[in-house]
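*Asks:* Sequence:
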Amino acid sequence: MPATPRGATLRRRIRSLGGTVIRRLGLLPGGMPDGLGEDEALLGTSWPYEVLVYFADTPEALYQIEQWYDTFRALHAEHPVVVVTRDSRTARAIRRDSGLDVRTVAHYTTLDDVLGRSATKLALYVNHNPENFTCLRFGQLVHASLMHGDSDKLVTVSNQTKAYDFSFVAGQAAVERMARFSTLFDAHARCVPVGRPQLDDQLRLRARTPRGPLPTVLYAPTWEGGQPSAEYGSVATHGLAIVRALVESGRYRVLYRPHPLTGVRVASYGEADKAVREYLAGAPAPAEGPAHGTDTHGDVAPAFAAADLLVCDVSGVAMDWLATGEPIVVTRPAGDAVIASSPLLELAPALPVAELGDVLATVDRELTENPTREQRLALREHYLGDTAPGASTRRFVAACERLMEIRDREVARIEAYGAPGAAPTGNERGTR
Numbered sequence: 459m460p461a462t463p464r465g466a467t468l469r470r471r472i473r474s475l476g477g478t479v480i481r482r483l484g485l486l487p488g489g490m491p492d493g494l495g496e497d498e499a500l501l502g503t504s505w506p507y508e509v510l511v512y513f514a515d516t517p518e519a520l521y522q523i524e525q526w527y528d529t530f531r532a533l534h535a536e537h538p539v540v541v542v543t544r545d546s547r548t549a550r551a552i553r554r555d556s557g558l559d560v561r562t563v564a565h566y567t568t569l570d571d572v573l574g575r576s577a578t579k580l581a582l583y584v585n586h587n588p589e590n591f592t593c594l595r596f597g598q599l600v601h602a603s604l605m606h607g608d609s610d611k612l613v614t615v616s617n618q619t620k621a622y623d624f625s626f627v628a629g630q631a632a633v634e635r636m637a638r639f640s641t642l643f644d645a646h647a648r649c650v651p652v653g654r655p656q657l658d659d660q661l662r663l664r665a666r667t668p669r670g671p672l673p674t675v676l677y678a679p680t681w682e683g684g685q686p687s688a689e690y691g692s693v694a695t696h697g698l699a700i701v702r703a704l705v706e707s708g709r710y711r712v713l714y715r716p717h718p719l720t721g722v723r724v725a726s727y728g729e730a731d732k733a734v735r736e737y738l739a740g741a742p743a744p745a746e747g748p749a750h751g752t753d754t755h756g757d758v759a760p761a762f763a764a765a766d767l768l769v770c771d772v773s774g775v776a777m778d779w780l781a782t783g784e785p786i787v788v789t790r791p792a793g794d795a796v797i798a799s800s801p802l803l804e805l806a807p808a809l810p811v812a813e814l815g816d817v818l819a820t821v822d823r824e825l826t827e828n829p830t831r832e833q834r835l836a837l838r839e840h841y842l843g844d845t846a847p848g849a850s851t852r853r854f855v856a857a858c859e860r861l862m863e864i865r866d867r868e869v870a871r872i873e874a875y876g877a878p879g880a881a882p883t884g885n886e887r888g889t890r
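Last residue of the sequence shown: 890 (this note's numbering), numbering continuous.
Some clues are possibly wrong.
Stated by the list, open to error - Ranges between beta-carbon positions, derived for each pair:
id: 1; residue 1: His755; residue 2: Arg871; range: 44 to 50 angstroms
id: 2; residue 1: Ala535; residue 2: Ala819; range: 47 to 53 angstroms
id: 3; residue 1: Gly793; residue 2: Tyr566; range: 36 to 42 angstroms
id: 4; residue 1: Glu589; residue 2: Ala745; range: 50 to 56 angstroms
id: 5; residue 1: His586; residue 2: Ser707; range: 36 to 42 angstroms
id: 6; residue 1: Arg831; residue 2: Glu873; range: 16 to 22 angstroms
id: 7; residue 1: Arg871; residue 2: Pro810; range: 51 to 57 angstroms
id: 8; residue 1: Asp866; residue 2: Glu746; range: 55 to 61 angstroms
id: 9; residue 1: Leu642; residue 2: His755; range: 38 to 44 angstroms
id: 10; residue 1: Ser687; residue 2: Ala743; range: 37 to 43 angstroms
id: 11; residue 1: Asp816; residue 2: Gly670; range: 21 to 27 angstroms
id: 12; residue 1: Arg723; residue 2: Pro801; range: 27 to 33 angstroms
Claimed, not checked - Think about it this way: if two alpha-carbon atoms lie no more than 25 angstroms apart in a straight line, the pair counts; the simulated SDA-like pairs of lysine to any residue are:
id: 13; residue 1: Lys732; residue 2: Gly597
id: 14; residue 1: Lys620; residue 2: Arg871
id: 15; residue 1: Lys620; residue 2: Ala857
id: 16; residue 1: Lys620; residue 2: Thr641
id: 17; residue 1: Lys732; residue 2: Gly751
id: 18; residue 1: Lys620; residue 2: Asp659
id: 19; residue 1: Lys620; residue 2: Gly815
id: 20; residue 1: Lys620; residue 2: Glu589
id: 21; residue 1: Lys620; residue 2: Gly597
id: 22; residue 1: Lys620; residue 2: Ala733
id: 23; residue 1: Lys620; residue 2: His840
id: 24; residue 1: Lys620; residue 2: Glu634
id: 25; residue 1: Lys732; residue 2: Val722
id: 26; residue 1: Lys732; residue 2: Val758
id: 27; residue 1: Lys620; residue 2: Leu520
id: 28; residue 1: Lys732; residue 2: Pro686
id: 29; residue 1: Lys620; residue 2: Gly843
id: 30; residue 1: Lys732; residue 2: Pro801
id: 31; residue 1: Lys732; residue 2: Gly708
id: 32; residue 1: Lys732; residue 2: Thr752
id: 33; residue 1: Lys620; residue 2: Pro686
id: 34; residue 1: Lys620; residue 2: Glu813
id: 35; residue 1: Lys620; residue 2: Thr667
id: 36; residue 1: Lys732; residue 2: Leu719
No wet-lab data here; the hints were simulated from the structure.
Quick reminder that beta carbons are idealized off the backbone N, C-alpha and C, glycines included.
Please model the entire structure based on the sequences and the hints provided.
*Replies:* Laid out in C-alpha cells, this is it:
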C-alpha cells in the first residue's frame with residue numbers, strides 16, 4: 459500500500475499548528491528556542507554582512523553575548539555584522555540593547571539560502587551550544603569560537619573547541635593551557651590571542667571611579683555549572699561565611715555579585731544566594747561610605763570599578779580582575795570539579811572550605827601587605843596581553859580581518875578545482 463505523503467496528513471498539519479501556537483504563547487520548556495523566525499521574509503534574499511555572530515540560546519543566556527556588544531559594534535564599524543538567533547525573544551533583547559542588526563532564523567534551509575547569496579565570510583560563537591552545528595556546517599565561512607570569558611575551568615579546554623577553525627583566546631596562558639590539557643589539537647596554530655576587549659571600557663571606568671573611605675571587597679562567585687565536574691561555585695559552601703566575616707569586622711564594605719545562572723541546576727545554590735542577599739540587605743551599613751549590597755547589573759564594570767579586592771571562584775572573573783593589578787583570593791570547590799593547574803591559581807591565595815575561618819586574616823594581609831603584587835602584574839600580560847585601553851579591541855578587529863583573508867584564499871583555492879566530482883581543467887591537472 460503506498461505511503462501517505464507526510465505533508466498531506468491532517469495529523470501533521472494539526473501538530474504543526476499546535477507547535478506554532480505554543481511558541482507564540484511562550485509555553486515552551488525553559489531553554490528551548492521559540493523558533494519564531496523571519497524565514498519567509500529572508501528566503502530568496504541576500505544580506506550585506508561580512509560577519510555573522512551565531513547565538514542559538516534563549517534569553518537566560520544573554521549574559522554570554524552581552525559582554526561582546528561593544529566589541530561587535532567596533533567590528534561592525536569596519537565590517538558589517540549581523541547576529542543570528544533562533545529565538546525571537548532573544549533577538550528583541552539583543553536588538554534593543556546592542557543596536558546591532560539581528561535576524562531570527564528558525565530553519566537551516568533558510569540560512570543556507572541566504573548565505574549562498576551573500577558575501578558573509580566569518581562566523582563567531584560565544585558559547586558551545588550544540589545548536590552551533592547548524593551554522594558550523596557552512597564550509598564557505600571561517601568559524602571562530604570566542605566564548606564568554608577565559609578561566610581555568612574545564613570548559614576552556616573542552617573537546618568542543620575542535621569544531622571551530624580557530625579559537626580566540628585572551629593571552630598566551632590560554633594557548634599553553636589548551637596545548638597542555640587538550641588532545642589532538644594544535645593550540646599554537648589554532649588559538650588566536652586577542653586579549654579581552656571587554657576590559658577596555660572597564661579599565662577606563664575604574665580610572666574615573668573614586669575610592670571609598672573603606673576598602674570594598676567584591677565577592678563574585680560563579681554558578682554550579684552544568685555538571686558535577688564543572689561545579690566550581692562557592693556560594694553554597696563559602697558564601698554566607700565569607701560575607702558575614704567581612705561585614706562583622708567593620709573594616710570593609712562588601713559587594714556581592716552572583717552569577718546569573720545561580721541555582722538553575724542545584725537548588726541549594728539558589729537558596730544560598732538568597733541567604734547572602736538577605737543578610738546583606740539587613741546588615742548595618744559601614745560607619746563610612748556606601749552600604750553593603752548585591753550587584754546584579756548586566757555589566758560587571760561598575761562592580762570592578764568600585765572594588766579593592768576580589769574574592770571569586772575558579773572562573774573568568776579571576777582572569778579579568780588581573781587587569782586591575784589589585785589583590786585576589788580564589789576559593790577552591792568542595793566537590794570534584796576539575797581544575798587546570800595554572801600560574802594564577804598557584805599564586806593567588808586559596809580559600810578551601812576548611813580554611814574559611816581564615817578569610818578575614820587573608821583579606822587583611824592581601825590589602826595591607828599586597829605580597830604578590832609584582833608577580834600579578836607580570837601574570838597580567840601573560841594572561842591578557844596588552845591591557846592599554848583600546849589595545850584588545852584593535853587586536854580583535856585585526857584578527858577578524860586576518861581570518862576573513864584566510865577564508866578568501868581558501869574559497870579561491872577550492873573554487874579553482876571546481877565542484878566535487880567535476881572533471882579538472884588542464885590548468886588544474888598541471889597543479890596536482
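*Asks:* Among the hints numbered above, which are violated by the structure, and what are their numbers in rising order?
*Replies:* Those not satisfied are hints 6, 13, 18, 19, 22, 30, 34, 35.
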